[in-house]
Structures are given as structure tokens and as C-alpha cells.
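Please work from the sequences and hints to get the whole structure.
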Amino acid sequence: MGNLVTIWAEWLRPSAGLVTVQWSLLLAVATIAGYLVQRYIGLPKVVGYSLVGGLAGFAGFTGAVWPLSGTGLFVLELAIAVVLFEAGGRIPLRWFRHNPMVLAQSIAESTLTYVAVNLGLQWLGMPAAVAHPLALVAVAASPAVLMRVAMDVRASGPVTDRAMVLATLSTLYALSLGTVQAELEQRQQLHLLDSLQPVALLVGLSIIVGAALAFSLRLALKVMSPASENTSILLLALIAAATGIASHLGGSAPIAALLGGMLLKQFSPRPWAWPRQMGTAASLLTMMMFVLVSVVAAQVDWTMQVAGLVLALVALRGLAKVIGVALGNIGSGASWRQALWVGCAMSPMSSIALLIASQFALMQGSTGRMIAQTALPAILLMELLGAVIATVALHRAGEASQPWLPQWRGRDNTAALPSEGEERDA
Amino acid sequence: MTLEPFTPSRALSLGVELELQLVNTHDYDLAPYAEDMLRMLEKQPLPGSVVPEMTSSMIEISTGICQSAAEVLGELSTIRDAMVRVADKLNIAVVGGGTHPFQQWHERRIYDKPRFKELSERYGYLSKQFTIFGQHVHIGCPDANAALLMLHRMSRYIPHFIALSASSPYVQGQDTQFDSARLNSVFAFPLSGRAPFALDWGDFEIFYGKMTRTGVVKSMKDFYWDIRPKPEYGTIEIRVFDTPLTVERAAALAGYVQSLAAWFLMDQPFMPEEDDYLVYTTNRFQACRFGLDATYVDPGTGQHMPLRDHILLTMHQIQRHAEAQGAANALHLLRDSVSSGENDARWLRNRQRKEQLLAEVTRQAAGRFRSATGPR
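Protein chains in written order, with the numbering used here: chain A, 1 to 426; chain B, 1 to 376.
These are calculated hints, taken from the structure and not from any lab test. Here the structure is a predicted model, which means the values were calculated and not measured. Please note: incorrect hints may appear among the correct ones.
Stated by the list, open to error - Dumping the calculated SDA-like pairs for lysine to any residue here, alpha-carbon to alpha-carbon at most 25 Å:
#1 K43(B) with D81(B)
#2 K113(B) with K221(B)
#3 K89(B) with W95(A)
#4 K128(B) with R396(A)
#5 K113(B) with G398(A)
#6 K222(A) with Q174(B)
Said to hold, decoys possible - Here are a few chain A residues that sit away from chain B, every Cβ distance over 10 Å (derived from the structure):
#7 F58
#8 I233
#9 D301
#10 L340
#11 L385
Unchecked claim - Which bits of chain A does chain B cover? Going by a derived footprint, with three or more residues having C-beta under 8 Å, they are:
#12 145-157
#13 218-231
#14 325-337
Even for Gly, the Cβ is constructed at its ideal location relative to N, Cα and C.
Okay, here's the thing in C-alpha cells:
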């Protein structure tokens with residue numbers, strides 16, 4: 001027996017480590033939760049992912065630390081980049097020429113969100129240095145959550161498309177301003193001339209990396225079919241490379257990916273026919289992102305005082321988004337009813353908000369802690385609640401093909417059930 | 001339920017309906033934007049009308065009562081231009097063609113209108129599979145008996161209409177090997193096919209009365225015949241055309257119908273018979289399957305010949321009437337297409353051969369619909 005143990009001990013090899021095992025098991029549980037939540041409650045899978053991540057975070061799961069850095073940060077940035085590249089590709093710039101009111105609508109809702117949250121939080125006694133970054137975090141709606149919700153309920157139509165575009169644009173504003181602002185705060189360069197250089201550097205580098213990504217893909221698409229699996233893999237590989245390069249050079253990987261998608265659509269108007277969400281690999285990546293976000297967001301200390309501020313932030317943000325979308329709706333081609341549902345569909349907050357908050361947390365010391373204390377619970381709440389609100393909005397707008405029925409309740413109604421194999425991620 | 005009386009109309013007047021596809025500009029799949037399109041077009045003064053169709057990614061445009069193919073083209077172009085402007089504003093595209101090449105029927109949503117909901121209840125999945133796009137041509141008839149005579153004469157030319165308009169080779173992402181696969185979807189409906197042979201309106205009323213007594217039919221709308229009388233308009237309605245890829249070709253097809261009708265009315269070239277229908281289904285199938293390369297069996301003589309030759313022969317016979325109706329250009333356009341063996345189905349296949357991507361073919365078809373360069 002002792003001999004056997006010795007032999008076994010000799011066989012043992014260094015493994016990927018306990019963290020890898022923990023993460024693998026956490027993702028496995030999240031996957032099951034996502035499936036069950038969709039099948040038995042009719043809610044999008046992202047709710048299940050976030051619930052499991054949140055519970056793990058509350059339970060003290062140590063697989064991810066705040067503020068994000070290293071591999072965790074890279075995974076988050078990569079997943080965001082993949083989503084934003086696809087979201088950017090849904091924004092043809094020529095649309096704004098034909099319908100400038102969509103751009104006006106986007107600016108109106110983002111500006112109003114920023115102003116409402118900033119002033120509202122200051123009125124509640126929060127210092128301006130904290131309220132201002134939180135307002136920037138609140139501007140970003142999550143195209144990632146919205147995309148997943150739309151897939152799960154199989155939604156398509158004017159509300160889905162408009163909400164997607166406005167969420168992507170709000171992300172672009174929040175990312176650009178948030179990243180630059182965090183950079184400036186860190187350098188404490190508050191004069192205009194001093195700030196121009198880092199802004200130009202950040203935006204310029206992101207544009208260069210985004211353009212290089214778009215150009216490489218355009219070249220590839222000249223010989224490769226967009227419907228090919230290899231093209232999807234190539235795309236993922238190039239986005240991963242661009243993410244690494246952009247961060248390394250001091251640019252923003254998500255901005256680079258978003259601009260890359262927009263530029264590719266602009267210069268190559270051919271249809272984007274690669275599998276939605278680019279297959280299982282990309283789906284796994286985005287699922288990891290949702291779990292990671294909720295694990296991290298749940299780590300903050302929750303207090304009653306913070307709870308009030310969080311609820312105020314969430315309420316002000318939601319109201320501002322709906323009113324902002326409505327204000328910019330005149331002449332934009334959507335009905336008032338659609339504008340209401342677009343505003344509601346933009347309620348999810350997730351990875352991008354976390355990334356912006358992470359940048360402030362890294363760079364501002366004690367103020368950073370105060371930002372995180374309010375931002376993280378708000379992000380976790382709106383990853384969960386936002387996904388539910390977006391689901392309701394898409395159903396109420398009449399754009400969901402999947403009936404919102406828990407399957408166990410729909411047993412008698414065969415027409416309401418998806419047939420064998422109909423449940424599709426892509 | 002009795003059949004409403006036939007309202008006489010001006011002989012050879014024309015009306016055209018076109019069912020069109022609304023697609024997104026991302027992956028060029030069908031997009032449920034009919035309601036938005038209608039809402040935005042409502043504010044614009046347009047000839048004819050724009051109405052919803054069975055599923056929410058379809059829209060139907062129609063001309064008013066026109067006298068010539070040129071007038072049809074004028075009205076269709078005006079509506080087309082307005083639609084393209086609205087589509088640009090909504091970030092979608094409008095496309096012709098009898099089918100969307102790769103849409104999945106089960107993803108379609110029935111347009112929220114009582115009649116469509118009722119049809120959906122009655123026909124189940126067939127109603128979603130009815131996401132197909134056709135052109136209907138109405139031709140005015142002076143009285144009810146003239147309409148029935150016109151209808152059964154026109155039946156001999158159904159293969160011509162199918163081959164000339166065929167633009168639905170792809171269904172659910174596959175080449176069906178048919179030039180017009182759209183009509184196979186129509187055939188699934190129980191009341192499709194040919195109208196009963198009756199040359200007297202009284203006989204037709206008796207048939208209609210029997211059908212309504214069975215409870216199978218509630219109105220003329222329930223008949224999905226290839227050609228059906230439309231008593232309230234005083235027309236017969238030809239329904240076998242696939243929607244062409246351009247409004248120019250749609251107007252040319254209307255001009256061809258009008259010239260044929262003028263020939264029937266002026267020259268009374270033949271009397272239709274029940275036996276004409278012995279070869280009807282075969283001829284129809286040949287045209288759907290092979291388009292302009294089909295074989296045509298002449299119902300009168302039983303002679304077999306290339307459909308292309310018979311179309312050219314007909315065009316020669318009606319040339320004089322086409323000129324009188326102002327449809328000479330329309331006929332010229334179609335004749336060129338027949339001579340070169342090019343219809344829209346061929347164009348779509350050629351594009352797909354080059355691009356190897358149906359979504360890109362749809363994008364190019366959308367570009368073709370919006371341009372005023374005319375059919376190729």
C-alpha cells in the first residue's frame with residue numbers, strides 16, 4: 001500500500017492550479033443555472049450566470065480580486081472587445097447621414113444620464129469627485145447583456161436594433177471619457193493643455209489599433225467566406241491580439257475593438273454573416289465575463305447607506321435614459337411607445353461599467369474605494385435586474401419570437417414550446 | 001353568402017400590386033419593420049397605397065387605376081423612391097424577388113391584424129411559409145362575362161408570366177433548382193390552382209354559392225387561384241408573378257398583360273375550352289422548374305415547343321396592340337430578356353455563383369431595387 005502511494009506521488013505533475021479548478025467548477029454551475037433559469041422561469045440565461053457569480057462573490061470566492069488586474073482584467077477586456085467589435089459592426093455610419101436624429105437621441109440620453117446622476121448624487125451629499133466618475137459609469141448601457149437577452153428571446157426589430165445602437169454609442173462615450181478622465185485624475189493634470197496630450201494619445205492609439213484590426217479583416221474577407229468557421233476563429237484571434245496590443249501601447253482595447261467594427265462595416269458593406277456571437281468559444285468568453293463581473297461586484301461591503309445611494313443612482317439612471325431617448329425621439333423614425341421600450345431595454349449595466357469603475361478604483365486611492373462602494377452593487381443589481389427589464393421591454397415591444405412562458409407551464413400549449421433543438425444560442 | 005355583383009370597369013385599365021421584402025443591413029435577413037415603414041409612409045402623399053402583408057417583414061404596394069405601363073412605372077417609381085428614403089432612415093433595405101433566399105420561416109411573426117391572425121389560426125405553419133413575395137396584375141374588364149372569358153384565355157399564358165417574372169430560385173438557403181419556387185408554397189393551400197371553367201357569370205355565381213354553403217369559403221379572398229375575378233374592382237387578377245427585382249420589370253410585365261388583353265378583346269383570337277386545362281399543370285410546372293428554358297405544350301394544337309419561342313411568337317402577335325397601348329417599350333424590354341435567356345432567377349444564380357454568399361446576393365438585389373437603371 002505504501003509502495004502504491006509512493007508511485008502515485010511520483011506520478012503527480014504540476015497542474016494549472018486550484019484557481020483554474022475553482023473557475024471551471026464555477027462556470028459549470030453558472031452554465032447549469034443559466035439553463036435552468038431560462039427553461040423554468042423564462043428569464044434570459046445571463047440572469048443565471050450573474051446569480052451564481054454574485055453568490056460566489058458574497059460567499060468569498062477568491063478567484064478574482066478587485067480592482068481587476070492581470071489575467072482577470074485581460075479576460076474581461078477580451079470579452080468586452082469581442083462584444084463591442086460585433087456591436088460596432090451594427091452601426092453603419094451612413095445611417096447617421098440619413099437619420100441624424102438617432103445620433104442626437106444617443107447624445108441626449110447619455111448627456112441627460114450623466115447630468116441627472118451627477119447632480120442627483122451630489123444633492124444626496126456625495127462629493128463631486130465621486131459623483132462625477134459614478135455618473136460616467138452610469139452612462140454606459142451594456143450591449144453585451146442586451147445582445148444575450150435578444151438572442152435568448154430571439155428578438156429582432158426596431159426596438160432591439162435601436163437599443164443596441166444607443167447602448168453601443170453610450171458605451172463609446174463612457175469608455176472614452178471614463179478612460180481619459182481616469183488617466184487625467186491619476187496624473188492630476190487638470191489644465192486643458194496638459195490633458196490634451198494623454199487624450200490624443202489614448203484616442204489615437206485606439207483608432208490606430210482599431211483601423212489595423214479592420215484592415216486585416218477586410219483583407220482576410222477578400223479571400224475567406226464570412227460564414228466559414230475559420231473566419232470566426234481568425235476574427236477571435238485578431239481581436240485577442242488587438243486587445244493585447246492596445247493595452248500594451250496605452251490605448252483602450254474595447255474602444256479599439258468598437259471602432260474596428262465600425263470601420264470594417266464602413267469600408268466593407270458586405271453582410272456580416274459569421275455565426276452570431278461567433279460561436280461557442282465567444283459565448284463561453286462572454287459567459288465568463290458575466291460571472292466575473294458579478295463575482296467582483298459582489299465583493300464590496302454592503303451597507304444601508306450605500307444601498308440608498310445605489311438605488312438612487314439606478315433610479316436616476318433609468319429615468320434619465322427613458323426621458324433622454326424620448327427627447328431625442330422626435331423625427332428619428334420611432335414611435336413614442338417604441339421610445340419607451342428602447343429606454344427600458346438600455347437599463348442593463350455590466351462589464352463596461354465595471355471596467356470604467358475599475359480604472360477609477362485603480363487610480364484614485366480612497367476616492368476610488370468610495371466609487372467602488374456604490375458602483376459595484378449598482379453594476380451587480382443592473383446586470384440582474386437590467387436583464388429582466390430588457391426582457392420585458394423586448395416582449396412588450398412585440399419583438400420577441402420566443403413566448404415568455406416557463407416551459408413547465410407551457411406543457412399543454414405545444415405551440416408555445418420550442419421544438420426539439422430549437423433552443424439556439426446562435 | 002352571395003357573390004357581390006361585378007362592377008364594370010374601363011376595359012384594359014391596369015392596376016399592379018407588389019409584395020416586397022424588408023431586410024436589415026447587418027446580415028440582410030428579413031426584418032420586422034412593416035409597421036414602422038407604414039407609419040412613416042403615411043405622412044407622404046403617394047399614389048396608390050401601401051399596406052401590411054401576412055408577416056411583419058413584408059409590405060405590399062399598389063398603384064391606383066392606370067391606363068398604361070408607363071403610368072404604372074411612374075406610380076411604382078414614386079412609391080419605390082419614397083420607400084427607399086424611409087428605409088434609409090430606418091437603416092433597413094427594401095428588396096424584390098419572390099422569396100428571401102435564406103430566411104427561416106419559423107422565425108417570422110404574423111402581422112398584428114385580425115385577418116392575418118385568423119388565417120394563421122386556420123393554416124398553421126403554412127401562413128408563416130407564406131412569407132413569399134408576388135406581383136398581382138389587375139386588368140379591367142367591361143362586364144362579368146368578358147372577365148371570365150379574359151380569365152380563361154389568359155390561363156394559356158400563365159407559363160409565360162411565370163418564366164418572365166421568376167425570381168425565387170433560393171428557399172431556406174438552398175438552390176431549389178426551380179426558377180420560381182414561390183409557387184410551390186402557394187400550391188400547399190387547399191384553394192389554390194386554377195379557377196373552375198365557367199364562361200357565364202351566372203354559372204360562376206352558382207359555383208360560388210355551392211362553395212360558400214360548404215363553409216369552406218367566406219369570400220373571394222379565400223380563393224388562392226392563379227387568376228381570379230375581382231368583382232368589386234371589375235377586373236381579373238393575375239397572381240402567378242414573382243415580384244421582380246426592379247419596378248421597371250414589374251411595369252413591363254403589366255404592359256405585357258395589357259397587350260395580351262387588348263389582343264383578346266380586339267381580335268378574339270381563340271375560344272378557351274375546358275380541355276385547355278389538360279396541359280395547364282404541366283406547363284405551369286415546366287415554367288416554375290426551368291423558367292425560360294421550359295417546354296411549352298400548346299393547349300390548342302398539342303404542339304411541344306420551347307417556351308421561349310412561344311413567348312417570342314406571342315410578342316410578335318401582340319406587337320400591334322402593344323404599340324396601341326403604349327407598351328412597346330415594355331415588350332421590347334421583355335423580348336431582350338427572353339432572347340438572352342435572362343430572367344431575375346438567372347441573375348440571382350449568377351450573383352451567388354460569384355459571391356458564394358446569399359446575404360451578399362440579397363444586398364446586391366437591394367441595390368438593384370433602389371436604382372433606376374432598369375432591369376437587365
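A quick look at each hint next to the structure:
no., hint, in the structure
1, K43(B) with D81(B), "14 Å, holds"
2, K113(B) with K221(B), "16 Å, holds"
3, K89(B) with W95(A), "7 Å, holds"
4, K128(B) with R396(A), "22 Å, holds"
5, K113(B) with G398(A), "13 Å, holds"
6, K222(A) with Q174(B), "23 Å, holds"
7, F58, "39 Å, holds"
8, I233, "18 Å, holds"
9, D301, "43 Å, holds"
10, L340, "15 Å, holds"
11, L385, "27 Å, holds"
12, 145-157, "holds (count 3)"
13, 218-231, "holds (count 3)"
14, 325-337, "holds (count 3)"
The structure meets every hint from the earlier list without exception.
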